[in-house]
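Enquirer: This is what each chain is made of:
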Amino acid sequence: MLAIRIPGTRYAIKFERRLEIPRMIPALVSIASAIAGVLLGGIIFLAIGISPMEAYTRIGRVVTDPATLGNAIEISIPIMFTSLALILPFRMAFYNIGGEGQFEIGAIVATIPVIWYWAGFELPALLYLPLMGILAFVIPGLWAMIPAFLRAKWKVNEILVTLMMNFISLQIIWYLVSPGGPWNEANPAFKERYLEYLKEQGVSLIPGFKGTPVVPEIARMPTLPIVGINAGLILAIIIAIALWFVSAKTVLGYEVRIVGESEKATQYAGINYLKLVLLVMFISGGLAGLGGFVNLTANSLKLSPEIATPGYGYTGIISAWLSRLNPIAAILVSVFFGVLTQSAYIMQQELRTSHYVSMGFEGLIFILLVIGDFFVHYRIRIIKR
Amino acid sequence: MNLDPVNLFLVQALTMGTVYLIATLGEVLSERAGVVDLGLEGLMEIGATVAIVVALITENAWLGILAAFVVAAALAAVHAFATVSLKLNQFASGLAIYIFGVGIGVTFRGYARDVILGPQALLKIPKIKTTFTSIRIPGLSDIPVIGSLFSLDVMVYFGLFLGILLWFILYRTRIGLNIRSVGENPAAADAAGINVFRLRYITTIIGGGLAGVAGGYLIMKIVTQIAGVAVILGRGWIAIALVIFAFWDPLRAIIGAYFFGALEASFYWLQGYFGGTAVVMLKAVPHISAIIILTIMSIEALRKRIGAPEALGKPYSRE
Amino acid sequence: MTSEEEPPAVLMKGIVKQFPGVLALDHVDFEVKAGEIHGLLGENGAGKTTLVSILYGVYRADAGEIYIHGKKVNIKSPKDAIKLGIGMVPQHFKLVMAHTVVENVILGLKEFGMVLRMKEAEKKIVELANMYGFKINPKAKIWQLSMGERQYVELLKALIRNANILILDEPTTVLTPQETRELFNTLKRMKEEGKSIIFITHKLEEAKELCDRVTVLRKGHVIGTVDPKKVSLADLARMMVGREVLFRIRKEPAKIVSEEPVLEVKGLYALSDKGVMAVKNVSLEVYPGEVFGIAGIAGSGQEELAEVITGMRKAEKGKVIIAGIDVTNASPKKIFELGVAYIPESRIYVGTVPNLTIWENMIMRHHRYPPFVKNKIVLNLPYIYEFTSKRAKELNMMYSSIFAPARTLSGGNLQRLILARELAETPGRKTRLIVAVYPTRGLDVGATEYVRKILIEQRNRGVGVLLISEDLEEILMLSDRIAVIHNGEIMGVVKAEEANIEEIGLMMGGALRKTASEEVKRP
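Chains as they are written, first to last, in the working numbering: chain V, 2 to 386; chain E, 56 to 374; chain Z, 26 to 548.
Hints are not guaranteed to be accurate.
[To be verified] Below, in silico cross-link-like pairs of lysine to any residue (SDA-like), each with a Cα-Cα straight-line distance of 25 angstroms or less:
#1 Z:166 / E:223
#2 V:154 / E:354
#3 Z:339 / V:262
#4 E:182 / E:284
#5 Z:38 / Z:58
#6 V:15 / E:233
#7 Z:58 / Z:36
#8 Z:166 / E:184
#9 Z:255 / Z:429
#10 E:142 / V:276
#11 Z:299 / Z:374
#12 V:250 / Z:406
#13 Z:401 / V:146
#14 Z:418 / Z:339
#15 V:265 / Z:379
#16 Z:164 / E:340
#17 Z:58 / Z:254
#18 V:154 / Z:405
#19 V:156 / E:340
#20 V:211 / E:304
#21 Z:135 / E:250
#22 V:156 / V:94
#23 V:15 / E:140
#24 E:369 / V:151
#25 V:250 / Z:405
#26 V:265 / E:372
#27 Z:58 / Z:243
#28 E:184 / E:68
#29 V:276 / Z:398
#30 Z:104 / E:233
#31 V:154 / E:372
#32 E:338 / E:68
#33 Z:291 / Z:308
#34 Z:342 / Z:300
#35 V:250 / Z:380
#36 V:250 / V:13
#37 E:369 / V:325
[As the list claims (entries may be wrong)] Going by beta-carbon spacing under 10 angstroms, a handful of chain Z positions derived as facing chain V:
#38 104
#39 108
#40 350
Keep in mind that the hints were calculated from the coordinates and are not lab data. Computed from a predicted structure; not experimentally measured. Idealized CB from N, CA, C, for every residue including glycine.
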């Protein structure tokens, strides 16, 4: 119980631990943190010499203009995947910070059929997306099981391990796509087909480019009619609903809840922690990997270190937290971050800021959220001394 | 000065190592009192920005370092407030600072270069760099091979000194005993009359400030440019892992930090000799090593006895 | 003794301390003469620790006065107590395991400088140790020391701060007989040096051997202050435990359903969380249809025993056999499947998860088995909700909704929840054995009666009940056979009907041990 005296008066502010947390409070705190973050962010803009109003109008424009809103939602789709990926692990108090790396591994393995294509080895057209999707789920899933195993077996800190693995996966990308590397677009193996294709398009290879050849049309994510947004959105929504179902209605969801609450009760309830965490992390890595797959086939269209720049994995952490680990809320919160990121892009172009601005925003919101969490557990009361 | 490759390698290793060392020592201090600060990477990034901007404006690298310390310490104070007073989750708070620190740090650096500083300012960079040129200790630095060990810049010696100082404080002074006790068993320390909360604030804030210094040194000595891109690139996280490898002991941290400095240096050296893209994968060696060492240490029964401060990561309240 | 002219070292008058729901101390008078060893005897909850906590400044009394060496004082915090020369060796040590003896002893002291003068401190410690006749290596790390040695470290902490009134809270619980001997010698030396010692214990023989006077507390009252050399152990036992009129539930004689015990424990050894052997060579059998009660002061090893039986703790040596199957170190899941219902000591965090809803708590442990699940993956929610409501009703639970979090339930209703869950009959599993640890602790009268009723009902239905309780009255009321545990060992097993309160009190206090032939092996 903290109490702060108000100097000069006979009152004090007392912080009492809440006995019951009203259902709306966590959501309210989340919303408050987001708003406060955006407002405080205005101060950041002042610091870099931009009038907050300029920033806010652009944000407003993004939301109101259908075209930019569509872009914002497109950007938010990978975030949806990386947020959804964290819901189960966070619920069981397993802090998977490796969403970024799992995302990247997903993009990497989804690129394999693309590389085959340009090297002359073609698959039936319909097979591409499903194959890439499956690869992008399974391999990152296995990748994510490593920290799970280390934690269950030897209590190795999962935050550090997953973090380290993020840097490893980025290095793998660098290796594959750097000039001279096996997947770089200038690789002679692709010469035949890729140069042909580029000629048709009227473009040429960019010297020193660090990236793969482009994803061919047959392997791209289809666009939904009317809304003009890629079909990854549907996949994300389906996954959100599935996650909701798993959390609320299955044994897995139930056991995850127990583990997240009490270690002793886990033992008492006969739950096998090792099996559970391996399964949960497989799913988690897989979902983050799917995010990488969607991003590759719909947005970036080339594998390069650039896919790490927006930091979707890290945004996913904040998004998951902000949505209080509720899958449906995660979709909406992801859109919020998509809007933020899109606004940041626009500001980058028009006001010459860097894309790191959105990261700064997110960090700010996260800090406020963490502090705001205090109010979820404590109530303010003014008492007379 | 004509240094042969081995000398160059040593110098690079120790220089890189110093970046790790200062950040690691800061985290050792903080964790010894029981507070984990995962925001190290963000603090370093912000420190880098503040350092180079202030240095270019004032034409004084040391002011830059000082400013880096102050700003990073201020951000670490937020972390201290959240975790010590509000007793919130230390991991979440640290992560938030990491994301915020990297985001704001890099953004502001790009903005500073484009808007605040102007092209003339950038010309001063070489001058800043000279602050960190080698100091030749007469006589000793002429010894072949290891002579280069005595021609390092001030910060390297400072890092070494800091490590020894921290060791001395932790193990030989009353304050150090208090810090260690707070990290091991805050209830016992509280019962002995020690102000647990105040001590944790101090260690976290100073630790954070040191991270800023490390970032400042990195950008002014090694990176020597100012651009809107991240420069810390995972070193902050390795520093956190280094604390564990060093068993929270400042002297071991010196060895560990120089080892990782050598790993980095060896990457540049190998790339120079072998070229080719496969060498890029070597950049992942520090991270892979970190995972392996972490695992080994978790398995060892050693961990129980020469291990983490007992109360690390747990908020303390008098209830 | 010339203490007649000297004011008593400690005089506490009319001390009252109220905690929510409990009057811990009811106008207690307590006096310790200078240079005497004064024992404070009583069962758990008698108020001993509360009383000395007030003396040491951890709590403040609601009413009453304290005089130290004749001067009235106001002790607001341990700092004040230390200034007055009062030192405490707590029951649960406040030591930093990874640090050395010196580092622990001088923590918080300014006398040894900013740059620590370790050698000086080490010398002082050795000096003090020699003065009082015990050995300590100042450079040893706490985790390397035995419990007895750690206790000396706590003692040194008090001595180096010039304490002349020492409080020791149940010091011998963690000691071997040898260490106890050494401690007593040390304390006697201190007495000779003029120190006054308050010695809290529940062990009768120790009180008799060591103390000049003994004050017996029961339920917050002083029963009396006596010279232990002039009274018998049985007298002390009676004062400690009381001879109330026992209300025995009229129960039918045990209907033993089978010749085979449902639970066998053979030569069991287990460690406590602190690494001390808490269960020492315990053997017992429980038959279906009887209540086998284990009486003993809390902390005598019964909690650890229950945890080993239910799979929550590792057995170092020995066997646990349930329904003929060796389940030593088996998982709690396996043991549950065999029909064991576990009513754990901590209702919150082990028995229930406070933040989860009532229905989520109700199906814990059952949740993997049909019909609670469909196809092994999906929870059969309609069945679960119905099951929860039904069981809650059957056990008269008061609750707002099955979707309310468990922490909104009162203690009594939480216990009903646990019982409802553990005793539920589900396809494929029938309750065979109940392990109940302090099942009525903290419950009001109504809930207490209810829980006892349920246990007897189950017993009448042929379930074996292992009842662990600190409430002797409860044990006597419900059990068919009674074992008494003291310091990790079973001191004896008797028939409830023939139970002799004094005998039991003596066994609880470690002063009596029954031979193997006297043990009542079956009901």
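Enquirer: Does each hint fit the structure? Answer for all of them.
Expert: Tested hints:
A hinted pair counts as satisfied when its Cα atoms are at most 25 angstroms apart, and residue 166 of chain Z with residue 223 of chain E qualifies at roughly 20 angstroms. A hinted pair counts as satisfied when its Cα atoms are at most 25 angstroms apart, and residue 154 of chain V with residue 354 of chain E qualifies at roughly 9 angstroms. A distance of roughly 23 angstroms separates the Cα atoms of residue 339 of chain Z and residue 262 of chain V; the hinted pair therefore holds under the 25 angstroms criterion. Proximity of residue 182 of chain E to residue 284 of chain E is assessed by CA-CA distance (about 22 angstroms); at most 25 angstroms being required, the pair is judged to hold.
Between residue 38 of chain Z and residue 58 of chain Z, the direct Cα distance comes to roughly 14 angstroms. Compliance with the 25 angstroms bound is thereby established for this hinted pair. At roughly 30 angstroms between alpha-carbon atoms, residue 15 of chain V and residue 233 of chain E are farther apart than 25 angstroms, so this suggested pair is violated. Straight-line distance between C-alpha atoms of residue 58 of chain Z and residue 36 of chain Z comes to about 8 angstroms, which keeps the hinted pair within the 25 angstroms bound. The hinted pair formed by residue 166 of chain Z and residue 184 of chain E fails the criterion: a straight-line CA distance of about 48 angstroms is larger than 25 angstroms.
Taking the CA atoms of residue 255 of chain Z and residue 429 of chain Z, the gap is about 59 angstroms. The hint is violated against a cut of 25 angstroms. Our distance criterion of 25 angstroms between C-alpha atoms is broken by residue 142 of chain E and residue 276 of chain V, whose separation comes to about 32 angstroms. Of the supplied pair hints, the one linking residue 299 of chain Z and residue 374 of chain Z holds, its CA atoms being roughly 20 angstroms apart against a limit of 25 angstroms. Pair hint residue 250 of chain V plus residue 406 of chain Z holds up; C-alpha atoms about 7 angstroms apart against a cutoff of 25 angstroms.
Taking the CA atoms of residue 401 of chain Z and residue 146 of chain V, the gap is about 23 angstroms. The hint holds against a cut of 25 angstroms. Taken as a hint, the residue 418 of chain Z and residue 339 of chain Z pair is broken in the structure, with Cα atoms around 36 angstroms apart against an allowance of 25 angstroms. Between residue 265 of chain V and residue 379 of chain Z the alpha-carbon distance is near 13 angstroms, which keeps this suggested pair within the 25 angstroms criterion. Our distance criterion of 25 angstroms between C-alpha atoms is broken by residue 164 of chain Z and residue 340 of chain E, whose separation comes to about 41 angstroms.
Restraint check for residue 58 of chain Z and residue 254 of chain Z: satisfied, since their Cα atoms lie roughly 17 angstroms apart, inside the 25 angstroms limit. Distance check on the hinted pair: residue 154 of chain V and residue 405 of chain Z sit about 32 angstroms apart at the alpha-carbon level, beyond 25 angstroms; violated. Between residue 156 of chain V and residue 340 of chain E the CA atoms are separated by roughly 23 angstroms; this keeps the pair inside 25 angstroms, and the hint holds. For the given pair, residue 211 of chain V sits about 42 angstroms from residue 304 of chain E by alpha-carbon distance, which is inconsistent with the 25 angstroms threshold.
A hinted pair counts as satisfied when its Cα atoms are at most 25 angstroms apart, and residue 135 of chain Z with residue 250 of chain E qualifies at roughly 14 angstroms. At most 25 angstroms may separate the alpha-carbon atoms for a hinted pair to count; residue 156 of chain V and residue 94 of chain V meet this at roughly 13 angstroms. Between residue 15 of chain V and residue 140 of chain E the alpha-carbon distance is near 13 angstroms, which keeps this suggested pair within the 25 angstroms criterion. Taking the CA atoms of residue 369 of chain E and residue 151 of chain V, the gap is near 22 angstroms; set against the 25 angstroms cutoff, the hint holds.
Note on residue 250 of chain V and residue 405 of chain Z: the hinted pairing holds, with a Cα-Cα distance of about 8 angstroms set against a maximum of 25 angstroms. Restraint check for residue 265 of chain V and residue 372 of chain E: satisfied, since their Cα atoms lie roughly 22 angstroms apart, inside the 25 angstroms limit. Note on residue 58 of chain Z and residue 243 of chain Z: the hinted pairing holds, with a Cα-Cα distance of about 22 angstroms set against a maximum of 25 angstroms. Of the pairs offered as hints, the one joining residue 184 of chain E and residue 68 of chain E holds, with about 18 angstroms between alpha carbons and a cut-off of 25 angstroms not exceeded.
The hinted pair formed by residue 276 of chain V and residue 398 of chain Z meets the criterion: a straight-line CA distance of about 18 angstroms does not exceed 25 angstroms. Using a Cα cut-off of 25 angstroms, the hinted pair residue 104 of chain Z and residue 233 of chain E holds, with the two alpha carbons roughly 17 angstroms apart. For the proposed pair residue 154 of chain V and residue 372 of chain E, the alpha carbon gap of about 31 angstroms is over 25 angstroms, so the pair is violated. Using a Cα cut-off of 25 angstroms, the hinted pair residue 338 of chain E and residue 68 of chain E holds, with the two alpha carbons roughly 14 angstroms apart.
Simply put, residue 291 of chain Z and residue 308 of chain Z have alpha-carbon atoms about 4 angstroms apart, close enough for the 25 angstroms limit, and the pair holds. Taken as a hint, the residue 342 of chain Z and residue 300 of chain Z pair is honoured in the structure, with Cα atoms around 14 angstroms apart against an allowance of 25 angstroms. Restraint check for residue 250 of chain V and residue 380 of chain Z: satisfied, since their Cα atoms lie roughly 18 angstroms apart, inside the 25 angstroms limit. A threshold of 25 angstroms between alpha carbons decides the hint, and for residue 250 of chain V with residue 13 of chain V the separation of about 46 angstroms lies outside it, so the pair is violated.
For the given pair, residue 369 of chain E sits about 22 angstroms from residue 325 of chain V by alpha-carbon distance, which is consistent with the 25 angstroms threshold. The restraint placing residue 104 of chain Z at the interface with chain V is violated, with a minimum CB-CB distance near 21 angstroms, outside the 10 angstroms limit. Interface hint status for residue 108 of chain Z: violated, as the beta-carbon distance to the closest one in chain V is roughly 27 angstroms, over 10 angstroms. At about 17 angstroms, the closest approach between the beta carbon of residue 350 of chain Z and any beta carbon in chain V exceeds 10 angstroms, and the interface hint on this residue is violated.
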